[in-house]
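Please take these sequences and the hints and turn them into a complete structure.
Chain by chain, the residues:
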Amino acid sequence: MKIAVCVKHAVDESELKIDPSGKPQLDGAATKMGTFDKNAVEEALRVKAAAGGEATAITVGKAEAKKSLKEALAMGADRGVHVVVDPGALDPRRTSELLAAALTKTGPYDIIMCSEGSSDTYTGLVPPMLAERLVLPYIGYVRKLEVSASGVRAERSLEESLEMVESSIPLVVSVVSEINEPRYPTLIQIMQASKKPVQELGADQLGTPDSPPATTVLSMSAQSSNRKRIIIEGSPDEAAAKLLDALVKEGVIQA
Amino acid sequence: MSGEIWSLSESTSVASEVAAGAQALANSMQGFVAVIIDMKEIRDDVHGAKKRLLLKGGENASGPPEVVAESIFRAATKLMPSVILVGATRNGREVASRLAIKLRTGCLAEASRLSLEDGRLVADRSVYAGKVTARISSSLPCVSTVRAGSYSRTDDIPGETQEYEVGEIAAKTKTLSSSKKESGTVDLKSAKVIISAGRGVKKKEDLSMLEDLAKDMKGALGCSRPLSSDLGWLPEEHHIGLTGVNVKPDLYLALGISGQLQHIAGMKDSKVVAAVNTDKDAPIFQASDYGIVGDLYLLVPALRRALTARRGTR
Amino acid sequence: MPLFSAEHKTLLKTFHPAVHEEYAEILNSLAGFMEKELMPLSSKFDAGLEPIGPSRKRLLENGISQIPFPTTYGGLGLPFSVYASAIELLGTADASTALSVEIHNAVAEGIFRFGSEEQKSNLIPHLVTGKRLASFALTEPGSGSDARTVRTTAKPTKDGYVLNGTKTFITNAGEADLYMVFARSEKGPSCFLVDSPSPGLKFGTPMSKLGMRGSRTCEVTFENCHVPGRNLVGVEGEGIDYATQILHAARIIVAALNVGISRLAYDKALDYAKQRTAFGRPISEFQLTREKIADMKTGINAGRLLYYYASHLKEEGLDYSSEAAQAKVFATEMSLRVCDAAIQVFGGYGYTTDEVHRPWRDARLLTIGEGTSEVLRLLIASRELARSS
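Taken in sequence, the protein lines are chains A, B and C. Sequential numbering of the first sequence, starting at 136, is according to the working numbering. Sequential numbering of the second sequence, starting at 204, is according to the working numbering. Sequential numbering of the third sequence, starting at 344, is according to the working numbering.
Hints were generated in silico from the structure; no laboratory data involved.
Quick list of the computed label-pair ranges, beta carbon to beta carbon:
#, chain 1, residue 1, chain 2, residue 2, range
1, B, Leu434, C, Asp697, 24 to 34 Å
2, A, Glu368, C, Lys640, 25 to 35 Å
3, C, Gly485, B, Leu434, 49 to 59 Å
4, A, Glu199, C, Gly572, 56 to 66 Å
5, A, Gln340, C, Asp697, 56 to 66 Å
6, B, Leu434, A, Gly286, 27 to 37 Å
7, C, Gly690, A, Glu199, 42 to 52 Å
8, C, Pro413, A, Pro332, 19 to 29 Å
9, B, Arg508, C, Gly690, 22 to 32 Å
10, C, Phe622, B, Lys474, 28 to 38 Å
Just so you know, these numbers come straight off a predicted model, no measurement behind them. Note that beta-carbon positions come from the ideal geometry of N, C-alpha and C, so glycine has one too.
The structure is reproduced here in structure tokens:
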């Protein structure tokens with residue numbers, strides 16, 4: 136079984152700094168593999184363990200994105216594919232275009248695994264766009280996956296329901312974080328990851344010259360948080376009474 | 204382009220919200236008309252826009268997103284809407300994605316505010332787990348997912364209904380079964396008061412204490428992601444956060460919630476936030492107006508007692 | 344701030360310009376594990392509500408102890424400073440676990456340096472992956488700084504030795520399955536490896552300590568405890584020399600550990616100072632608070648550089664005993680000043696919140712253990728005088 140898992144080298148939103156004028160400091164911001172992507176890698180490795188085969192980690196991004204590929208390799212992926220390009224912060228169309236081309240060039244794959252969305256600019260659009268471009272079946276928001284040689288059975292987690300869905304292979308799948316607990320690579324695995332092959336591809340090699348993004352980012356500004364941050368002290372009964380007083384004063388509960 | 208702004212969601216409540224968003228856009232600019240898209244059957248309880256388009260054939264709105272997308276694609280190829288707005292539910296995102304590729308249009312995502320400017324659709328959305336608002340735009344025609352809770356449903360009832368036959372559509376995947384998640388009748392998006400439970404709650408049974416408080420305060424019960432997704436103590440519809448429900452109550456009371464960014468992203472538009480947590484360093488206190496460093500197991504009964512005392516009953 | 348911070352990266356870059364990125368990846372990954380799996384449990388470890396064993400095992404399986412050992416024995420073959428840095432991070436995440444791991448590794452280092460080939464290949468691969476846990480048993484009720492006066496006896500028998508005596512203040516005692524014991528044979532103090540369980544090997548009840556409460560410390564008693572001859576480490580009579588060498592290296596690690604504890608206290612105090620208001624302003628605006636911040640940070644940086652420098656000398660094969668002692672004396676005493684200042688910054692909350700005073704309580708051990716500051720000052724002066732003559 137040939138499994139591809141898509142990872143994004145994302146901005147570490149917890150470390151993102153805002154400059155005094157209210158703009159996020161994206162240049163040189165701390166980065167990490169997208170939080171949910173680890174679950175996708177873990178699921179790819181579990182499928183590989185159960186069904187045999189090979190897992191390829193793929194990413195679209197700047198040179199730095201190699202770090203997330205290395206992490207996936209350290210977790211247990213066999214090889215990496217890096218489409219080197221700056222795809223633009225908020226353009227899933229372009230990302231899916233490049234991913235589809237790279238997957239076609241380095242494939243074919245039986246299962247293309249994605250996370251439900253990136254942890255920095257969550258759109259949730261890339262996996263279904265990928266399926267649409269590759270003309271493959273798609274099962275999104277999977278929380279339990281069973282793979283056999285003949286096909287796949289998946290439990291989808293929607294807002295108000297759970298669905299059991301079946302599909303043939305090959306297909307694209309997106310997984311939710313509840314599906315598994317990602318493993319921690321051992322230090323030995325981290326050191327050995329650098330020996331695993333990583334193929335670099337440029338947009339021109341894929342036949343998708345840099346097209347202008349369909350989405351333009353007009354501005355980015357910090358969301359202000361002007362919370363009062365008042366700590367109410369006292370015994371539980373005292374604090375509860377003071378809190379209610381404050382809430383009544385705010386007009387959010389009735390007197 | 205027809206100047207039509209189509210709106211849809213498989214959820215009737217979200218469909219009404221998105222319709223209201225479409226109508227607000229249409230009201231803002233000459234030459235645009237908002238249209239509620241219904242699939243296979245008309246949903247009388249979906250309001251918000253002045254026109255309705257019923258797509259016949261295919262599947263209904265809660266069918267496989269693949270089929271929904273293809274249905275809309277066929278109609279859109281003929282009727283050429285300027286904008287297609289899809290509620291940002293899990294299925295909705297798939298519908299919008301597929302449409303954008305099929306129609307070769309741009310796709311904006313998770314819009315909480317929309318406007319039309321210079322022949323482009325402009326959306327405000329939250330990124331970086333709620334730290335930043337990004338303003339993004341695309342030329343028309345385009346598709347956009349709309350974050351639930353961004354618009355309030357209005358009473359605009361569609362005056363005219365058009366119909367369009369999309370024909371038979373096959374899906375590549377097969378849905379074997381669908382079961383409702385354990386659900387309460389909670390509508391967090393319209394709740395004025397939300398009592399929210401986090402990992403500080405030790406046992407599922409203890410949630411009843413919080414439910415009682417919610418009743419006392421005429422509020423709804425919500426939770427952070429671990430309680431719904433990992434522990435399964437509450438249905439997913441109670442999960443407030445970046446990948447859950449976005450709420451804007453007057454009062455958000457966070458009990459035993461640490462306050463990770465992903466959770467804050469779902470409730471930061473609350474008018475007033477109060478929090479109880481045993482950890483004085485918990486990030487929730489940074490995102491709160493009022494905080495009590497204490498044990499919710501003591502504070503919840505204390506709050507109920509204080510409420511009773513205030514109201515003079517007993 | 345993430346546990347593995349930009350400052351750590353800069354230090355790696357300074358000391359290992361060619362390969363710092365690889366080392367950064369490793370430490371970053373370890374830090375990720377520590378942040379998620381250890382730090383949240385730290386106060387529970389301190390309160391005795393959770394044992395450190397399970398997460399310590401996972402940490403060892405992850406490979407922290409493998410860092411400084413050669414690949415031939417299952418190690419990663421990385422510089423000592425990378426291991427020291429890992430223990431600094433662990434000291435921040437949970438000091439009790441750091442102490443436990445540091446002692447365990449000291450035994451592995453002892454076996455590596457002084458053991459037979461058979462002992463090394465049998466034991467080190469298991470120790471560095473956490474399959475076995477070790478404990479270092481030197482101190483006795485009547486013998487601490489004056490280690491040469493150990494009274495535990497090792498009498499020769501037909502096939503080995505029989506040990507009698509008592510050790511005290513032993514970390515990991517009762518949990519470990521391998522003990523490095525220093526006992527007096529006919530030829531003088533010698534070093535033995537004792538497996539647990541063994542007949543005649545007994546453990547006392549865990550001691551109630553001021554800090555490092557997650558780590559198990561107790562007495563170890565040997566009552567006619569038989570040890571096979573092959574469990575003698577190195578040469579009979581040279582035991583204390585081995586202990587001395589082991590402790591030189593361990594002191595660098597203890598320095599790193601206490602820098603880690605200081606960092607935890609400092610980070611908390613800094614955050615608090617920015618948020619807490621008094622007289623209508625955040626207390627971080629007051630000069631006397633700023634003085635504390637300045638001194639705390641200077642101390643932490645100085646401590647880091649000292650343990651890095653001592654590590655560097657060790658890596659180069661140079662004599663580092665004085666520098667290791669300097670690092671330990673400075674870092675441990677500094678950590679008490681920093682942790683104390685942090686308590687002061689927190690005011691009443693400092694005195695009444697376990698999480699704020701725990702760093703000080705944890706740090707307080709190490710001006711005493713593994714070489715008291717007093718003895719180490721004598722060591723430093725003696726070395727420096729010898730060097731200057």
